[in-house]
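Undergrad: Turn these sequences into a full structure, and let the hints steer you where they fit.
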Amino acid sequence: MRLYAICVYLFLYIPIGIIALFSFNAGRHASQFMGFSTQWYGKALNNPFVMDALETSLLAAFITACLASTLGTMAAIALQGVKGWLRTLFDGMIYVAIMIPGIVIGIATLIALVTVFGWLNPLLASLWPDGANPPQLSMGMPTLVAAHTMFTMALVIIIVRARLSGMDRALMEASADLFATPWGTFRQVTLPLIAPAILAGFLLSFTFSFDDFIIAFFVAGSETTLPIYIFSSIRRGVTPEINAIGTMVMGASLLLLVAAQLLLRQGASKSNS
Amino acid sequence: MTERGRKALLLAPAGIWLLVMLALPLLVVFVFSFGERGAAGGYVPAFTLEQYANLPARWTAFKNTLILAPLGTIAALVIAYPLAYFLAVRCSPKWRTSLLILVIVPFWTSILIRSYAWIFILGGRGLPALLESIGIDDIRLINTPFAVLVGIVYGYLPLMVFPIFVSLDKLDKRLLEASADLGSTPWRTFRQVTLPLSVPGIATGCMLVFILLMGEFLIPAILGGGKVFFVGNALVDLFLQSRNWAYGSAVAMTLVVVMLVTVSIYMKFISRLGGQREDVSLM
Chain A
5 MRLYAICVYL FLYIPIGIIA LFSFNAGRHA SQFMGFSTQW YGKALNNPFV MDALETSLLA
65 AFITACLAST LGTMAAIALQ GVKGWLRTLF DGMIYVAIMI PGIVIGIATL IALVTVFGWL
125 NPLLASLWPD GANPPQLSMG MPTLVAAHTM FTMALVIIIV RARLSGMDRA LMEASADLFA
185 TPWGTFRQVT LPLIAPAILA GFLLSFTFSF DDFIIAFFVA GSETTLPIYI FSSIRRGVTP
245 EINAIGTMVM GASLLLLVAA QLLLRQGASK SNS
Chain B
145 MTERGRKALL LAPAGIWLLV MLALPLLVVF VFSFGERGAA GGYVPAFTLE QYANLPARWT
205 AFKNTLILAP LGTIAALVIA YPLAYFLAVR CSPKWRTSLL ILVIVPFWTS ILIRSYAWIF
265 ILGGRGLPAL LESIGIDDIR LINTPFAVLV GIVYGYLPLM VFPIFVSLDK LDKRLLEASA
325 DLGSTPWRTF RQVTLPLSVP GIATGCMLVF ILLMGEFLIP AILGGGKVFF VGNALVDLFL
385 QSRNWAYGSA VAMTLVVVML VTVSIYMKFI SRLGGQREDV SLM
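Heads up: the sequence lines are chains A and B, in that order.
Going by this note's numbering, the first sequence opens with residue 5, and the numbers climb by one from there.
Going by this note's numbering, the second sequence opens with residue 145, and the numbers climb by one from there.
Just so you know, the hints here were simulated from the structure itself, not pulled from any lab data.
We treat Cβ as the ideally placed atom computed from N, Cα and C, and that holds for glycine.
Treat the hints with care, since some could be wrong.
[To be verified] Chain B regions said to be covered by chain A (calculated; three or more residues, Cβ under 8 Å): (1) 154-162; (2) 200-213; (3) 247-255; (4) 316-326; (5) 371-381.
TA: Put into structure tokens, the structure is as follows:
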């Protein structure tokens with residue numbers, strides 16, 4: 005059993021190890037190791053295209069994660085005990101959001117927004133006073149965040165709802181019986197219990213947005229996210245620079261995960277004391 | 145504020161967001177799939193079934209997807225289950241969190257980079273060169289369905305491990321002890337207690353992986369070398385290269401319908417398994 009686990013971990017980590025190893029390659033060729041060097045890290049960090057793409061990705065991921073975890077949690081809490089058409093509508097849309105492949109969401113969002121913007125832009129232009137530049141709606145950061153938030157919000161609703169349904173409802177009823185306001189019950193009973201689920205939802209949303217290539221490929225417009233940059237670089241042939249970028253992203257993710265874990269533990273020990 | 149008003153206020157943002165960014169775009173795809181291609185690409189309103197009649201032109205993409213997506217899901221399940229079991233049941237709690245994080249970390253890194261790593265391993269100077277040195281010649285791995293399958297399993301393994309781990313972790317360990325106390329062999333305990341109780345995790349994992357695979361674009365694009373392509377690759381081609389929105393919409397609608405049908409059959413199957421689980425818990 006333990007041996008098997010070790011094998012799976014090797015399967016998971018050997019490719020990553022190879023990427024990390026080749027990122028220190030002194031040679032220009034991606035497939036031959038020519039000695040140790042950190043030059044590619046310097047090149048990547050000084051490449052304005054890489055830095056722009058990174059900034060775009062981080063910004064989109066952060067806004068997406070904030071919106072998705074807030075709106076998703078709100079909806080999950082409100083959906084408790086809701087029945088009828090509203091429930092059916094929400095469950096249906098969440099189901100569809102999870103079910104539909106990202107690529108279909110990407111193209112659907114693209115053609116829908118391009119069509120809607122095609123109607124709205126002349127309208128806006130006619131409403132604007134002469135001489136002033138009317139705003140031009142187009143694909144970009146807002147559409148990227150909107151598309152990512154749609155999908156990740158559905159994920160957050162599912163995660164938080166699962167946590168809520170596993171919760172002892174008697175706790176909330178007890179709180180209400182003890183004359184806590186709904187907000188007080190939420191803050192002092194519900195929130196501490198569902199906090200790990202919200203944090204997990206936040207991290208998942210951030211990761212999804214940061215890692216997503218396919219939806220961004222269609223809806224990001226002229227914005228270049230890091231995955232889009234990497235994909236187009238791989239198409240042109242890979243340099244160790246891409247390996248260096250990958251290694252750095254991996255290192256950063258690891259730090260973030262450790263930090264999240266520490267935060268969670270701290271939260272747990274606090275609530276115990 | 146009334147309970148109703150509060151609920152409406154909490155639900156409104158998410159509801160509107162889903163309507164505008166999900167329901168509306170899907171409706172547009174549905175409508176466009178009955179339209180015609182404009183002279184310079186894009187879409188011209190019409191009502192025709194021509195696009196659907198043209199679907200057989202992309203049959204290869206559908207065939208590849210419908211073979212490799214289920215195969216990849218099963219392969220991922222077979223590899224993931226023992227690991228999830230080890231993490232949830234066998235592993236000492238001291239190590240559990242760290243080992244679990246180690247499963248998730250690869251998932252946090254760009255799937256692009258990770259898929260690309262397999263070009264090194266499966267390419268001419270990787271495994272084939274190694275196999276040649278032990279006497280197995282002329283093995284071609286990269287740009288084959290096998291390479292795509294490896295990429296799939298590698299890419300989505302964490303997504304399969306996690307839900308299974310969660311369901312096994314929630315499982316009341318006293319049930320296992322009870323089963324052993326009542327004289328069950330470890331295998332029988334596994335088959336009659338552990339496995340049925342982890343069905344929800346298996347179902348979630350398979351569903352997540354399968355859904356992602358049906359729309360996969362990147363892995364075939366990187367490891368299939370244009371020879372093994374999925375419906376996703378056909379869609380990118382139709383929307384971004386030939387700008388044939390109407391035909392692309394028809395292909396997308398067909399993909400969604402095929403998926404809905406497959407998944408609902410699968411759900412029926414799973415709920416039947418769930419019925420068995422009820423029996424076990426009653427025993």
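Undergrad: State for each hint whether it applies.
TA: Each hint tested on the structure:
1. 154-162: holds (count 7)
2. 200-213: Three-residue rule not met by the segment 200-213 of chain B, so violated; n is 0.
3. 247-255: holds (count 9)
4. 316-326: violated (count 0)
5. 371-381: It holds: at least three residues are needed, and the segment 371-381 of chain B offers 3 whose Cβ sits within less than 8 Å of chain A.
When each numbered hint is compared with the structure, violations occur for hints 2 and 4.
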